[in-house]
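J.: Can you build the whole structure from these sequences, using the hints too?
As a plain string of letters, each chain reads:
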Amino acid sequence: MSLAADNGRSLRLTALTKEFATFTAVRSLDLEVPAGTFFALLGPSGCGKTTTLRMVAGLEVPTSGTIHLGDDEITYEKPYRRPVNTVFQNYALFPHLDIHENVAFGLRRRKVKDVDQQVKEMLALVELESQAKKKPPQMSGGQQQRVALARALINRPEVLLLDEPLGALDLKLRRSMQIELKRIQTEVGLTFVHVTHDQEEAMTMADTIAVMNGGVIEQMGSPAELYENPRTTFVANFLGQSNLIPGSVTSAEGDVVRVDMHGTQVSIPADRAHTRSGDGWVGIRPEKVLIAPAGEPIDAPGNHMTGGVITDVSFVGVSTQYLVMMPWGQELMAFEQNTGRRAVLDKGTKVDVSWRPEFAFLLPASQDVNAGVLEEV
Amino acid sequence: MRRGRFTGYWLMLPAGLWLALFFVIPFYSLLATSLFDPKGSVLTGYDVDYRFANFVDALDQFWEPLFRSLWYAGVATAICLVLGYVLAYAIAFKAGRWRTLLLVLVIAPFFTSFLVRTLSWKLILADDGFVVDTLQFLQLLGDDGRLLATPVAVIAGLVYNFLPFMVLPLYASLEKIDARLVEAASDLYASPSRGFLKVTLPLSKPGVVAGTLLTFIPAAGDYINAALLGSPNQRMVGNVIQNLFTSTGDYATAGALSVILMAIIVAMVMVYIRTAGTEELV
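Line order of the protein sequences matches chains V and A. Under the working numbering, the first residue of the first sequence is numbered 1, with each subsequent residue one higher. Under the working numbering, the first residue of the second sequence is numbered 1, with each subsequent residue one higher.
Treat the hints with care, as some may be off.
[What the hints assert, rightly or not] In silico DSSO-like pairs for lysine-lysine, Cα to Cα no more than 27 angstroms straight-line:
id, chain 1, residue 1, chain 2, residue 2
1, V, K133, V, K111
2, V, K133, V, K120
3, V, K134, A, K198
4, V, K134, V, K78
5, V, K172, V, K134
6, V, K78, V, K111
7, V, K134, V, K113
8, A, K205, V, K111
9, V, K111, V, K135
10, A, K39, V, K135
11, V, K113, V, K135
12, V, K120, A, K94
13, A, K176, V, K78
14, A, K198, V, K111
15, A, K205, V, K133
16, V, K120, V, K182
17, V, K350, V, K288
18, A, K94, A, K176
19, V, K182, V, K172
20, V, K133, V, K113
21, A, K198, V, K133
22, V, K134, A, K39
23, A, K198, A, K176
24, V, K134, V, K120
25, A, K205, A, K176
26, A, K176, V, K133
27, V, K134, V, K111
28, V, K135, V, K172
29, A, K198, V, K78
30, V, K120, V, K135
31, A, K198, A, K94
32, V, K288, V, K347
33, A, K198, V, K135
34, A, K39, A, K176
35, A, K205, V, K134
36, A, K94, V, K78
37, A, K176, V, K135
38, V, K113, A, K198
Treat the hints as calculated values from the structure; they're not laboratory data.
T.: Structure follows, in structure tokens:
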């Protein structure tokens with residue numbers, strides 16, 4: 001079942017800004033979402049992602065800037081005249097209508113023919129055919145979520161907006177709905193714009209992620225691109241975890257930037273070095289950090305450091321997570337797969353640390369090292 | 001703790017006593033009165049002789065004010081519904097920080113007596129008052145036209161006096177509506193007017209039902225408005241009952257008329273609630 005319009009059009013936001021009385025929610029945002037892609041706006045609460053979504057839906061009027069669908073400007077179009085539908089946070093299903101009528105709502109307003117047949121097909125897609133006569137309050141959270149999706153999808157919008165659609169579900173259900181949503185998106189071929197604060201959710205589903213912070217986009221790209229080569233400390237910390245070690249650039253020639261890191265020389269590929277002079281943060285993901293008892297060989301030539309001591313060991317099943325105190329007084333995270341090749345190291349063991357240069361990245365020292373670090377809950 | 005066989009009945013006792021004291025006993029007394037022998041009087045005393053013909057006599061003599069009461073109350077309720085809905089909607093969705101103040105203003109008339117407020121309407125609608133003058137100036141009322149002692153005055157009084165009973169339940173149910181539902185309707189191609197008809201209005205139905213009942217029932221039995229603002233031509237059933245009880249001393253007919261009014265209202269309310277079907281909501 002393909003719902004995509006034959007001439008899928010891309011969504012384009014240009015210098016989009018929204019100011020409220022006391023603060024600016026979105027600052028001069030530029031964004032292009034190609035037709036048929038699954039796009040995620042990822043950021044912490046208050047970063048402006050929901051406001052951006054509401055402006056695309058027409059529920060919020062931008063202070064300045066434009067919104068285009070293909071060549072048509074829709075910046076000030078009324079919400080009920082836009083070929084855009086929304087799956088609301090907490091679903092906003094109509095409590096006085098049964099499931100069938102909830103799903104039929106958009107078609108009936110547009111006086112489409114053959115509504116009942118289409119509703120049946122749509123309910124089949126989300127596997128709720130047998131529930132058509134129930135009212136929303138009689139359904140579980142996961143079912144309501146699927147009704148909300150069906151109610152929006154049946155209108156064949158050019159862009160489907162999803163505002164934290166899985167936020168109210170428990171963890172297990174959320175994981176299975178993520179796979180389900182991605183399946184449906186691939187099946188119907190529509191453009192999905194998905195707002196979430198859950199980085200794992202964004203990475204699981206999206207083709208492209210834009211990480212938002214403080215009303216602006218910090219970085220945009222495929223999940224792998226963002227994860228492997230973050231451009232800002234915020235992205236490095238918000239998307240997964242990072243070790244950020246202070247250092248200063250000693251040379252930048254050709255493809256390699258060399259950094260002095262507390263007396264150790266490390267090299268970083270030029271396309272991963274987001275500053276080429278002065279001080280910076282050397283970044284390395286914990287699972288890329290290898291450790292071995294002092295003096296034993298580590299199979300990762302390149303950046304090699306000695307003098308670490310294990311200060312904490314947590315066994316989490318698939319991996320063991322170590323904290324290693326380095327001679328310069330910083331604890332580094334190192335995640336080791338439990339392949340069984342080596343016994344779990346004990347707390348207090350002296351270790352050497354190393355990583356392959358092509359996994360490291362370099363960020364300007366002017367950025368806040370703690371930006372995007374999740375608060376302990 | 002072990003529950004005795006009679007615990008449930010004991011728990012029902014306060015409500016049972018309340019009902020007995022304030023409903024069953026007065027209602028029994030009224031029913032008995034309606035079956036008195038009409039030949040009795042306050043001086044000679046009354047006999048209950050199960051004279052069901054009292055009902056026939058009462059209807060025969062007073063069907064006109066009875067019908068007029070239902071008609072006036074219906075018109076007043078309809079006007080209250082329109083005015084009250086607009087007001088409640090504005091307070092619930094548009095008033096912002098003025099919301100509390102406006103709600104207080106809706107209730108404010110209750111700080112003065114019902115009678116005093118109705119008397120002041122006599123001044124407002126007086127023959128040389130500004131309302132009549134303005135209407136005459138606009139040629140909406142003839143030079144010798146008047147408002148007092150017309151159905152307009154009585155219905156205006158009813159609307160004024162019962163409007164808060166319409167506004168408050170309407171406000172309570174409108175205020176509960178999740179604004180996101182209205183946004184969802186707009187997202188799903190409903191213009192503001194369609195969104196109102198398909199989402200806001202149906203969701204406010206419990207308020208509409210409660211408000212119309214709270215307005216219609218007391219309005220149908222009201223006699224102050226007709227007495228102060230109307231003339232004998234606008235006599236409502238409440239006036240008739242009051243007159244029979246207090247002046248004529250015809251307790252039997254007065255009682256029969258009261259029971260008839262009560263029965264009609266109960267029947268109408270039951271049909272109304274059955275058709276409006278509020279139990280599915282909330």
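J.: Broken hints, numbered, in rising order?
T.: Checked against the structure, the hints that fail are numbers 4, 10, 12, 22 and 34, while the rest are satisfied.
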